[in-house]
Amino acid sequence: MAEQLGRIDLRKLILTLLMAVVGILFLMPFAWMISASLKFEDDVLSFPIQWIPDRFNVIENYKEVWTGALPFSLLYWNSIKVTILTTFTSATVSALAAYAFAKIEFKGRNVLFMIVLATYMVPPQTLLVTQFLLYRWVGLYDTHLGLILLNSFSVFGTFMLRQFFMGVNNEIIEAARIDGAGHVRTFANIAFPLIRPALATYAILRFIWTWNDFQSPFIFLNSDKLFTIQIGIKSFADDHGNIYSLMMAASVSAIVPLLIVFIIGQKQVIEGMQLGGVKG
Amino acid sequence: MQTMESRQQANAGSKRRRNSLRGWRENVAGYLFVAPMFIGTSVLVLFPILASVVLSFTNWNIVSGFKKASFVGFANYQDILSDAIFLKSLGNNLLILLAIPVTLAIALTLAVLINRYIYLKDLFKVIYFMPFISSAVAVAIVFRVLFHPTRGPINQILMSLGVENPPGWIADPKFALVSVMLIMIWTGIGFNMIIYLAGLQNIPKELYESAQIDGASSWTQFTRITVPLVSPTTFLLLVAGIISSFKIFDLILVLTNGGPGNATITPVVYLYQKAFLELKTGYASAVSMIIFVIILLITLLQFYGQKKWVNY
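Residue numbers (the working numbering), protein chains in the order written: chain R, -4 to 275; chain D, 8 to 319.
Chain D extracted, bound-state conformation (with noise of 0.2 Å):
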């Protein structure tokens, strides 16, 4: 690709010395055709993002408007950090993580499963497939229902079965968290099956054959072959689950709108309660410049941790 760039970009040059009228018109058309895109993000990222940094270091409230406004250096961000809240937010965060590892287990297994040992392969990833392709506001409507603590059928069910005292789901705040991650596993694992079995794809059958040959049982295949080859995905998925894990927006609102008592709180669950509910502008733009950074160290890990974790 290199080497092809390159020479096209020999090419372009050579020919731009012939005739620079020719140059003019490539400069002119190449702006017209990024126009729309260009000018579309500046206006709608590059700008926000530019505006939040400056407003992050306000007071600003939209009710009291501009004049009331003062520069009040880094304190939001000193706020913002000893909030108990925040930091529960946070902490709510990283304990939602744990449910990437889970999903990405079960991913591989079935994508695994789906690849080599069964039929009817494409009805199963589109029954897999299907919590993900969902709107999370109904998925999430549902759950409520079903995680009804008295009423609801999860509980029925789990209370034929002899539990005596079966746990209150997102009424209860010692489960309301894990009740989010279980529906965020069960719409994740479709996601990660697919991206795993393009994965596979790349694993050279004849590393299969010798094992075969070598007497090698599937399990030792799995752990052995599979898995450490497997790698690459299995990092990119880490990384883009620990991404979106910090996106979460609609399937916790609607399921418990953070509660109860701020056990189901997330830092974008927090920013749109400070941004949207309490109106405190500045405030907000600081929980966002948290939020990006965040995200940034992550893309960050990604770009330098690839090299260094992945198996080849």
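Isolated chain R, as found in the complex (with noise of 0.2 Å):
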């Protein structure tokens, strides 16, 4: 073990550079959906494969995208409105239960905690007929608001953050109590200042989730200028499906922006999902 230390151990070099190889073959879709949303359509499928391209289409593809029949501009807008507003709902309601069913002591918590967690069972297509009729039926059919109020209430989220709050002393929220703080401040000013990064880690979990969400937008919405990034790039490749370049030009601008977006938080992200263990 002694003599190991300081120098490279060449057996664990070798793997590593053949997982570099393995790595490489795994992102091989995404270098092949960058490389073609470059090219002119021609050049798309010739084999064998470009992956620098000899001439470049870049601008004349990504305008089209961005500004053509069904912006991406206006998708994306509509994207970071509904995550933004789906995240801070989801996380602020999720606080709120979290703190009561894990710091107040109040008639039936128990029970009410049972309910919700129960309701974690019921997979989430197995509502959408219903929700559906209750959407047309209240006027929340084709809305955004519907869309939000949607993914708003998670039991996942209120879950884990009551295992944080758990965490916390007892006694401080005691002496903030017995200072004559009620709930609301004991909450605001000293619970949840000391979960904050737990909440942090399930905000961005959200924010993830709710961008890639098909399933509602696609159920929900029906006006194009409503649409979010993840059906307007379904209803973009209906419209293009025979012309590959635009197509991928479409892809790289719905999946690199959160791309980015993950590698920067790469360590909550996946501390989250390891934390949160199953997807909800």
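The set of hints was computed from the structure by calculation and includes no laboratory data.
A couple of the hints might just be wrong.
To be verified - Under the rule of at most 25 Å between Cα atoms (straight-line distance), these lysine-lysine pairs were calculated in the DSS-like manner: (1) R/Lys7 <-> D/Lys128; (2) R/Lys262 <-> D/Lys95; (3) D/Lys254 <-> D/Lys95; (4) R/Lys58 <-> R/Lys76; (5) R/Lys7 <-> R/Lys262; (6) R/Lys76 <-> R/Lys220; (7) D/Lys212 <-> D/Lys132; (8) D/Lys95 <-> D/Lys181; (9) D/Lys212 <-> D/Lys128; (10) R/Lys7 <-> D/Lys132; (11) D/Lys181 <-> R/Lys7; (12) R/Lys58 <-> R/Lys220; (13) D/Lys181 <-> D/Lys254; (14) D/Lys212 <-> R/Lys262; (15) R/Lys262 <-> D/Lys128.
Now that you have both chains on their own, put them together as the hints suggest.
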């Protein structure tokens, strides 16, 4: 062991190189996507694959995607709006409920918690039909508000944040309460700041899930002008199904920004997923 | 945790006796804090699921309206369970499950390598996690082109390697489901890998050290220490994988739309077609209930199976 310190382990180095080769193969679809999005349509499927094109058509491709009939600028704005509002609402609703379930002694707490937890077992697709009818009935169908509300009540978020609030020392809470602080102040000034890292992790996960959500906007939106990226890109692909360079430029536009967010926040995303265990 | 909770409750109990006003205020505060979450889930989950149960016994159709709807007993369920397309969709979903052990095996191998045997751990975590974080719609669109039967890059490469009749992938009913599974494996590896990485941290290092002293090879350490001790994680991922396989919607809808010839239809896609294309509300509600029961059974199996099958 001691002789390995300070010098590079040869076996480890070889395995790292092998892993790098596998990793490059693994990311090939992305590389192909980006490369195709830069090309003239005629060159997209030429073989052998030109990873770096001879001639570029980048500006034209991306211009069509971003300013065409269903402009990605609009889709982005809609997605950003829906995602940020959903993330904010969901984090707030979950944090409030989580605090109560962890730190307030009220009648029926355990029963209410079990009811909320039980709804986690209901797969979202089985709710689509009746949620759709409900939305049509109350006028939330084809609105951003409806879409935001749909993903704002997360059992996963409530459960996860509750675990963190349980970790907050009761004496700190009690001390604040004896000093005359109500639960609102105790929550806002004391408990909330203590679990801020957990809340940030949950917010990042919710952001990614909402950003990538296809099913809810697909079922609950109808007007083009309200479309988010995920359904926008499908409808773009339906319209330009045979123009692969444009479809790849659209895919790059849908994937790459979120990949950048992920790479910046990788630690929190990965730890959050490990914490959550299951996607919810 | 349990003792802490019971102490908490005891504390709260004595306080409540001392000051019933405080208890009343605690109740009000509790209900107000929980209200948004509880009302939201009641309206968007509890009410819809109960309504689904009722609707599943009717022949309601959105177009014809409420007035023409009537109760039909178990007729919808009988129709569904004898519908060849629904049975095909269930069969497809069962076949899709085969992708899970493959994903798990690759993910565990990568996790072990990243955990102990290579440099630049964080970089590789990010690389393998990328497909999982990517929009399934965009991924499906990319693979629609990559899998193109004659001119797609995948088959071009296969042909240049000497494969004379490469499969038609998503255009070929025999290979369409395999194509879906390959993409599922590709996107699923990253998630399973990082959960395994978390699981590996719970295995005491001393076990490996003493195995090394005894001269055990890396392979022996893997099969005798890692695999058995990481089995709780494997079980968790297996169940999570089965449940999420019943929820795949975006990938299939965009990649193949259930085709060709229903080769890739799954219960959820079937549900979508009945509910939103054929507008058979009552019938689709019954499909929802069947999917719900299947997932409920798997979840229960998890609760009871955990003790039985997990090593330690």
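These are the hints, each one checked on the structure:
1. R/Lys7 <-> D/Lys128: holds (12 Å)
2. R/Lys262 <-> D/Lys95: violated (42 Å)
3. D/Lys254 <-> D/Lys95: Given that 25 Å is the threshold and the Cα spacing comes to 16 Å, the pair holds.
4. R/Lys58 <-> R/Lys76: Holds, because 23 Å separates the two Cα atoms, which is no more than 25 Å.
5. R/Lys7 <-> R/Lys262: Within the cut-off at roughly 24 Å; holds.
6. R/Lys76 <-> R/Lys220: The given pair, whose Cα atoms are some 13 Å apart, holds under the 25 Å limit.
7. D/Lys212 <-> D/Lys132: holds (21 Å)
8. D/Lys95 <-> D/Lys181: At roughly 14 Å apart (the allowed maximum being 25 Å), D/Lys181 and D/Lys95 satisfy the hint.
9. D/Lys212 <-> D/Lys128: Holds: D/Lys212 and D/Lys128 sit about 18 Å apart, inside 25 Å.
10. R/Lys7 <-> D/Lys132: holds (17 Å)
11. D/Lys181 <-> R/Lys7: At roughly 42 Å apart (the allowed maximum being 25 Å), R/Lys7 and D/Lys181 break the hint.
12. R/Lys58 <-> R/Lys220: holds (19 Å)
13. D/Lys181 <-> D/Lys254: holds (22 Å)
14. D/Lys212 <-> R/Lys262: holds (23 Å)
15. R/Lys262 <-> D/Lys128: It holds: about 12 Å lies between the C-alpha atoms, which stays within 25 Å.
This entry does not satisfy hints 2 and 11, going by the numbered hints stated previously.
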